[in-house]
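A.B. asks: Take a look at the letters that make up each chain.
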Amino acid sequence: MKELEIAKTEVVSLLNTLIKEYKVFAPVGQNGFITFQEIHSGSEAFLDYINSKKPPKEIFFPQSERLFSYDLSKGEGWSVEEPASEKKQRIIFGIRPCDARSLVLLDNVFDGQLYKDPYYSGKRKNTTIIAIGCNQPSSTCFCTSLGGGPFSQDGSDLILVDIGQKYIVQVVTEKGKKLAKKHNEFKEAEDNSLSLMRDTIETAEALIKSKIEVQKVTEKLDSMFDDPFWDLVSEKCLGCAVCTYLCPTCYCFDITDEVTGQRGERVRTWDSCAFPNFTLQASGVNPRPSSKERLRQRIMHKFNYFVANHGMAACVGCGRCIKECPVNLDIQVVLNSILNR
Amino acid sequence: MKNPYLPLPMRVEKIVIETEDKNIKTFSVKFLNDEDAANFNYLPGQFAQLSVLGEGEAPFGIASSPTEPGELQFTVNKAGVLTTALHNLEEGEIIGVRGPLGNCFPIEALESKDTIIIGGGFAFTTLRSLTNYILYQENRSRFGNVVVIYGARSPGLLLYRDELEKWEVRTDLDLHLTVDRAEEDWQRKVGVVPNIVKEIAPSPENAYAVVCGPPIMIKFTLPVLRDLGFPPERIVLSLEMKMKCGIGMCGRCNIGNQYVCKDGPIFTLAQLNELPSEY
Ligand SMILES: Cc1cc2nc3c(=O)[nH]c(=O)nc-3n(C[C@H](O)[C@H](O)[C@H](O)COP(=O)(O)OP(=O)(O)OC[C@H]3O[C@@H](n4cnc5c(N)ncnc54)[C@H](O)[C@@H]3O)c2cc1C
Ligand code: SF4
Ligand code: FES
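Residue numbers (the numbering used here), protein chains in the order written: chain A, 1 to 341; chain B, 1001 to 1279.
Hints are not guaranteed to be accurate.
Pairs of lysine-lysine residues, derived as DSS-like cross-links and limited to a Cα-Cα distance of at most 25 Å, are as follows [stated by the list, open to error]:
{"id": "1", "chain 1": "B", "residue 1": "K1262", "chain 2": "A", "residue 2": "K116"}
{"id": "2", "chain 1": "B", "residue 1": "K1002", "chain 2": "A", "residue 2": "K87"}
{"id": "3", "chain 1": "A", "residue 1": "K125", "chain 2": "B", "residue 2": "K1002"}
{"id": "4", "chain 1": "B", "residue 1": "K1002", "chain 2": "A", "residue 2": "K123"}
Keep in mind that the hints were calculated from the coordinates and are not lab data.
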């Protein structure tokens, strides 16, 4: 479908219309601390931002989520209750292309061939994704090395290109098309806007200077499991797990039971390969006893194992782990060092 | 869509204390709903997650064989929170089960071959399942000779002793029981499993070795099998890792790109040789 456009002045009213029908999530917050939240008025959306502190993966895979609840007072009986599935359709407005792309990666895990995760898949199905491309990629962005880009369409239903007074709207999927057709704020794009759009995209892509040959990294890693490299590179890692919590593609979780009085819940919570207990067995055996094995797992999983299993690296190059690591353990540096070995 | 996280209710029909230290119990459990029972189709080697509501869940190999319909059996070593909760159960109580999970022993490959079953300690659970599956009247003729070598530290720590006695008198099974330390009335072998394997020296000709046991036993048994001439493709192992989801999603049980819960827990040594040694 041909591109559409929407005037920036119309965005708040569009969001207000959408809010009536959908649960709408958008970037909210100031002073650099942006997160995705449900908004109740279009003016709450803060669209002039680089990227959110926390990735919007939690809209599909919450940090803590009830799998089911139960009643312990029933004694002999068995009363396990699944949470009601969300009936209301949802929209994410203003997600960045890297984070939209991360959902395509996560689909491989949660919507697998053998097993489907009903919690994730349910939310994924009832959500329409409207991305806004990045005119100003950050110095830590390296999405173009991972098959994405500041205007990559993967994972989005609609993607917006900021050309100043208005957004050009690229229609990616049928779901996006349906939504756009229903709302007359979307108009057919003018020809001169389209050439502006192309310039904008080109300029933004050129701003991303980092270029890592990830395919070569993957090949190198094939024979690097026992390399002393991992001792060196992991030396300063604190095992804080910030890198994995803030990673839009990390999905490891724990499952625990939580009981208050007679009510109990089985809950899943984000977990991390950076933690020592992650693989500690009841027998006391731990196949990943030090940060060496744990950091190796993080890098190997993202750039080798995941590629073997799903044909793509489990990284979208958003740069959050680079920005937030307290000891400045820069994944781009790690990848380049691997290439230089 | 079936929710793979949802445990199904089962009643504990029978609890047997297996070992003299009382640290290991076998639970016979039965589905409350016939429909759940009909949908639970498993083969030897697979495992399931057992839930005690309020306490959590943990993975256990299925110790019963599908040729023993009606009930499932799990043999549980008391090790921590959930296993203690299981040990505190009484007959008649309800637990949750989800599964069957993981792959099974390579049953088809074992057909028309000799099978050398080597087990140590309380890891004998799924080997019990496999042995009974092969011994089952309608299955037996499809398989070749069966040798079972099973050891524990002391006689009182062997599992399934009543059943072992029945196996001992069977002519279609060659059973070798051994203990690390002999006691007065012990008439069978004395010595650690790897040494007994060496002594019995089963022929690798047209044979598979299936090995489950503590890491130390496996470590010393593998070279013995290699020296006997068993190729890595015909040495079968069952692995244990820390598990939560059991369905390849929670991300913690991988060895290289293989998830022990979903792609395993059964691997041939040849497969493991291709993977990083992180287990
Ligand atoms: C495929 C598979 C099949 C299995 N089959 C069987 C079987 O047939 N029979 C059997 O008995 N077992 C089996 N196991 C092992 C069994 O799953 C574990 O023993 C069980 O998960 C222990 O659970 P728990 O809650 O009792 O122990 P936990 O409470 O989780 O842990 C027990 C031990 O870990 C330590 N620990 C726990 N948390 C921490 C912490 N945060 N920091 C430090 N230490 C900690 C505790 O000190 C304790 O000693 C199998 C495992 C797998 C993967
Ligand atoms: S954020 Fe940095 S210090 Fe923390 S676990 Fe990740 S690499 Fe290690
Ligand atoms: S136990 Fe969760 S991935 Fe294997």
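A.B. asks: If a hint holds in the structure, say so; if it doesn't, say that too.
C.D. replies: Hint-by-hint comparison with the structure:
1. Distance check on the hinted pair: K1262 (chain B) and K116 (chain A) sit about 13 Å apart at the alpha-carbon level, within 25 Å; holds.
2. Taking the CA atoms of K1002 (chain B) and K87 (chain A), the gap is near 18 Å; set against the 25 Å cutoff, the hint holds.
3. For the hint linking K125 (chain A) to K1002 (chain B), the alpha-carbon distance of about 16 Å falls within 25 Å, and the restraint holds.
4. This hinted pair checks out: K1002 (chain B) and K123 (chain A) have alpha carbons roughly 16 Å apart, not beyond 25 Å.
Of the numbered hints given earlier, the model fails none.
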